[in-house]
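Which chain is which? The protein sequence lines are A and B, in order. All residue numbers for the first sequence refer to the numbering used here, where the first residue is 4 and numbers rise by one. All residue numbers for the second sequence refer to the numbering used here, where the first residue is 35 and numbers rise by one.
Some hints here could point you the wrong way.
[Said to hold, decoys possible] Some chain A residues judged to face chain B by a derived CB distance under 7 Å, without partners named:
#1 S36
#2 L46
#3 E85
#4 T106
#5 P111
Bear in mind the hints are in silico, worked out from the structure with no lab data behind them. Yeah, the Cβ is synthetic: ideal placement off N, Cα and C, and Gly gets one too.
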Amino acid sequence: KAGVTQTPRYLIKTRGQQVTLSCSPISGHRSVSWYQQTPGQGLQFLFEYFSETQRNKGNFPGRFSGRQFSNSRSEMNVSTLELGDSALYLCASSSQGSGRGETQYFGPGTRLLVL
Amino acid sequence: GENVEQHPSTLSVQEGDSAVIKCTYSDSASNYFPWYKQEPGKRPQLIIDIRSNVGEKKDQRIAVTLNKTAKHFSLHITETQPEDSAVYFCAASNSGYSTLTFGKGTMLLVSP
Numbered sequence: 004k005a006g007v008t009q010t011p012r013y014l015i016k017t018r019g020q021q022v023t024l025s026c027s028p029i030s031g032h033r034s035v036s037w038y039q040q041t042p043g044q045g046l047q048f049l050f051e052y053f054s055e056t057q058r059n060k061g062n063f064p065g066r067f068s069g070r071q072f073s074n075s076r077s078e079m080n081v082s083t084l085e086l087g088d089s090a091l092y093l094c095a096s097s098s099q100g101s102g103r104g105e106t107q108y109f110g111p112g113t114r115l116l117v118l
Numbered sequence: 035g036e037n038v039e040q041h042p043s044t045l046s047v048q049e050g051d052s053a054v055i056k057c058t059y060s061d062s063a064s065n066y067f068p069w070y071k072q073e074p075g076k077r078p079q080l081i082i083d084i085r086s087n088v089g090e091k092k093d094q095r096i097a098v099t100l101n102k103t104a105k106h107f108s109l110h111i112t113e114t115q116p117e118d119s120a121v122y123f124c125a126a127s128n129s130g131y132s133t134l135t136f137g138k139g140t141m142l143l144v145s146p
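For reference, chain A alone in the conformation it holds in the complex (with noise of 0.2 Å):
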C-alpha cells in the first residue's frame, strides 16, 4: 500500500496571508489527524478527522481549521498567518483512531514558513 501522501512538502508565506495543506491517507484508513511540530513544543495535537467529522481538537485558535472529504483525504486551513506558525505539519492517518490502539502512520509533512 502508499503510505500517507501530503502535499506541498515546503511552502513560503508572508503573515496574515492563508495557506491550504493536504493530507490523502493510506488507503482504507478513515482517521486522520493533524500534529504541529517545532523545536521547543515536539508534537502538538491540531484536529482529528473521521469519516469526514471532526473528531477531536487540541488547543489551538479557531484561525486553525480543517475538513476530510468523502475519500478520507484531509485539508488543513490556516488563516492570518503569525510569525508563530512556521513549523512542520504532519498528518497522520490510521483505520479507526490511536484510541483503539492502533498504530498511526505519519506523512512526510508540509515545512511552512512564515516570513
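Let chain A serve as the given structure and place chain B on it in line with the hints.
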C-alpha cells in the same frame, strides 16, 4: 486531558551501551503507548508499542516496559549503534480519544 512527560531531553551514549528513555502519563485511562523514532528530515516512524494489558514487550534490541500503577513506561535500547541516533517520542492514548498525546522527545546520540 492527557499529559505526557519525557526524560531525558538529550541522551549521549557510546556504541554498544544501553539507552533508557522514560515517560510518565497523567490519565489512568490511557491504554496504548507507542514509541516513534524520527531521523533528521524524516517522518516519525513507529518502532514499538505496548497496550495496557501487557507489562513488557521486546523486539530484537528494543523493549518497552509499562508500570500502570506508577503511570510510567520506558524504552530500552541495548547494544546501541550509530544508526540509532535520532529523536525518540513516546505517546499515550485511551479508548475515549482517538488521538495521541506525545512527549517532547529525546535526542539520542550514539557515538562510535
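Here is what the structure says about each hint:
no.	hint	verdict
1	S36	6 Å, holds
2	L46	4 Å, holds
3	E85	22 Å, violated
4	T106	5 Å, holds
5	P111	5 Å, holds
In the structure shown, a violation is registered for the earlier hint numbered 3 alone.
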